[in-house]
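The listed protein sequences correspond, in order, to chains A and B.
Position 49 (the first sequence) corresponds to 49 in the numbering used here; numbering is contiguous.
Position 89 (the second sequence) corresponds to 89 in the numbering used here; numbering is contiguous.
A portion of the hints provided could be inaccurate.
[Said to hold, decoys possible] As a list, the in silico SDA-like pairs of lysine to any residue whose alpha-carbon atoms are at most 20 Å apart:
| # | chain 1 | residue 1 | chain 2 | residue 2 |
| --- | --- | --- | --- | --- |
| 1 | B | K73 | B | S12 |
| 2 | A | K57 | B | A1 |
| 3 | B | K57 | B | A17 |
| 4 | B | K22 | B | R41 |
| 5 | B | K9 | A | G42 |
| 6 | B | K22 | A | Q41 |
| 7 | B | K22 | B | I102 |
| 8 | A | K11 | B | Q42 |
| 9 | B | K9 | A | G40 |
| 10 | B | K9 | A | Q41 |
| 11 | B | K22 | A | G40 |
| 12 | A | K57 | B | F76 |
| 13 | A | K11 | B | R43 |
| 14 | B | K57 | A | Q41 |
| 15 | B | K9 | A | E44 |
| 16 | B | K9 | A | V89 |
| 17 | A | K57 | B | A17 |
| 18 | A | K57 | B | N93 |
| 19 | B | K9 | A | A88 |
| 20 | A | K11 | B | R41 |
| 21 | A | K57 | B | E54 |
| 22 | A | K11 | A | L96 |
| 23 | B | K57 | B | E79 |
| 24 | A | K57 | B | G92 |
| 25 | A | K57 | B | L10 |
| 26 | B | K9 | A | G16 |
| 27 | B | K22 | A | G42 |
| 28 | B | K57 | B | T68 |
FYI, nobody ran anything at the bench for these hints, they're computed from the structure.
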Amino acid sequence: GAGVSQSPSNKVTEKGKDVELRCDPISGHTALYWYRQSLGQGLEFLIYFQGNSAPDKSGLPSDRFSAERTGGSVSTLTIQRTQQEDSAVYLCASSLVADTQYFGPGTRLTVL
Amino acid sequence: AQRVTQPEKLLSVFKGAPVELKCNYSYSGSPELFWYVQYSRQRLQLLLRHISRESIKGFTADLNKGETSFHLKKPFAQEEDSAMYYCALRRGNKLVFGAGTILRVKS
Chain A
1 GAGVSQSPSN KVTEKGKDVE LRCDPISGHT ALYWYRQSLG QGLEFLIYFQ GNSAPDKSGL
61 PSDRFSAERT GGSVSTLTIQ RTQQEDSAVY LCASSLVADT QYFGPGTRLT VL
Chain B
1 AQRVTQPEKL LSVFKGAPVE LKCNYSYSGS PELFWYVQYS RQRLQLLLRH ISRESIKGFT
61 ADLNKGETSF HLKKPFAQEE DSAMYYCALR RGNKLVFGAG TILRVKS
């Protein structure tokens, strides 16, 4: 079946602009995760959604970052007033509860 | 704090040579550990998990609680093993990743 999809694959923006990144999880997966992959930094957890529970936002680096998940499926990660240090690959993953996480191809964000 | 350390940024070996990718962790309790791999231009994917005690693509990893390590090993490297490898630790609902090691297998 279809895996996790993300859009856009690449996004170039100017410092100070807002961006939205989209994730479509695997159908039936109740858990959805966002991670950030920076050069030399590995993968950094950002936020976790599970069903209708309140999301775990403990990894969001600042209040410029927010995410929502509509209808228990598609998720959008929003970064407001982007800064150059926000440049990274943003990865989405989904899973059944506490099971293997399946990753999307990522969105490469470049802030000029 | 729970942490995963991969001390090598790059490991370069010749085809047919043994490979060991190092991973050390800090965790109070019973850890659940994983190795993920990302081949060139492909998405990150699970390679193996310690609770499965399986061998995938010839790779194995043994959890050593005394040394708090979960090193990834393969007796004979192949060129198609060249990739980025991440060690990860489950902490609640999320994964804590190491910085990753690039494995380069030379012919």
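Now for the hints, and whether the structure bears them out:
A distance of roughly 14 Å separates the Cα atoms of K73/B and S12/B; the hinted pair therefore holds under the 20 Å criterion. Among the hinted pairs, K57/A with A1/B is consistent with the structure: their alpha-carbon atoms are about 18 Å apart, no more than 20 Å. A C-alpha spacing of about 15 Å is found between K57/B and A17/B, which places the hinted pair at or below 20 Å, so the restraint holds. Between the alpha carbons of K22/B and R41/B the distance comes to roughly 24 Å, so the proposed pair goes past 20 Å and is violated.
At roughly 10 Å between alpha-carbon atoms, K9/B and G42/A fall within 20 Å of each other, so this suggested pair holds. A distance of roughly 17 Å separates the Cα atoms of K22/B and Q41/A; the hinted pair therefore holds under the 20 Å criterion. The suggested pairing of K22/B with I102/B holds, with an alpha-carbon distance near 12 Å, which does not exceed 20 Å. Of the supplied pair hints, the one linking K11/A and Q42/B holds, its CA atoms being roughly 18 Å apart against a limit of 20 Å.
Straight-line distance between C-alpha atoms of K9/B and G40/A comes to about 8 Å, which keeps the hinted pair within the 20 Å bound. A threshold of 20 Å between alpha carbons decides the hint, and for K9/B with Q41/A the separation of about 11 Å falls inside it, so the pair holds. Our distance criterion of 20 Å between C-alpha atoms is met by K22/B and G40/A, whose separation comes to about 16 Å. Between K57/A and F76/B the CA atoms are separated by roughly 42 Å; this puts the pair beyond 20 Å, and the hint is violated.
This hinted pair checks out: K11/A and R43/B have alpha carbons roughly 18 Å apart, not beyond 20 Å. For the proposed pair K57/B and Q41/A, the alpha carbon gap of about 27 Å is over 20 Å, so the pair is violated. Of the pairs offered as hints, the one joining K9/B and E44/A holds, with about 17 Å between alpha carbons and a cut-off of 20 Å not exceeded. Proposed proximity of K9/B and V89/A is supported: the alpha carbons are some 18 Å apart, at most 20 Å.
Taken as a hint, the K57/A and A17/B pair is broken in the structure, with Cα atoms around 43 Å apart against an allowance of 20 Å. Distance restraint check for K57/A and N93/B: the Cα-Cα separation of roughly 11 Å lies within the 20 Å cut-off, and the hinted pair is therefore satisfied. A C-alpha spacing of about 18 Å is found between K9/B and A88/A, which places the hinted pair at or below 20 Å, so the restraint holds. Restraint check for K11/A and R41/B: satisfied, since their Cα atoms lie roughly 17 Å apart, inside the 20 Å limit.
Taken as a hint, the K57/A and E54/B pair is broken in the structure, with Cα atoms around 33 Å apart against an allowance of 20 Å. For the hint linking K11/A to L96/A, the alpha-carbon distance of about 29 Å lies beyond 20 Å, and the restraint is violated. Simply put, K57/B and E79/B have alpha-carbon atoms about 12 Å apart, close enough for the 20 Å limit, and the pair holds. Between K57/A and G92/B the CA atoms are separated by roughly 13 Å; this keeps the pair inside 20 Å, and the hint holds.
Distance check on the hinted pair: K57/A and L10/B sit about 32 Å apart at the alpha-carbon level, beyond 20 Å; violated. Taken as a hint, the K9/B and G16/A pair is broken in the structure, with Cα atoms around 33 Å apart against an allowance of 20 Å. Distance hint between K22/B and G42/A is fulfilled; the C-alpha atoms sit about 15 Å from each other, no more than 20 Å. Of the supplied pair hints, the one linking K57/B and T68/B is violated, its CA atoms being roughly 24 Å apart against a limit of 20 Å.
Going through the hint list in order, the structure does not satisfy hints 4, 12, 14, 17, 21, 22, 25, 26 and 28.
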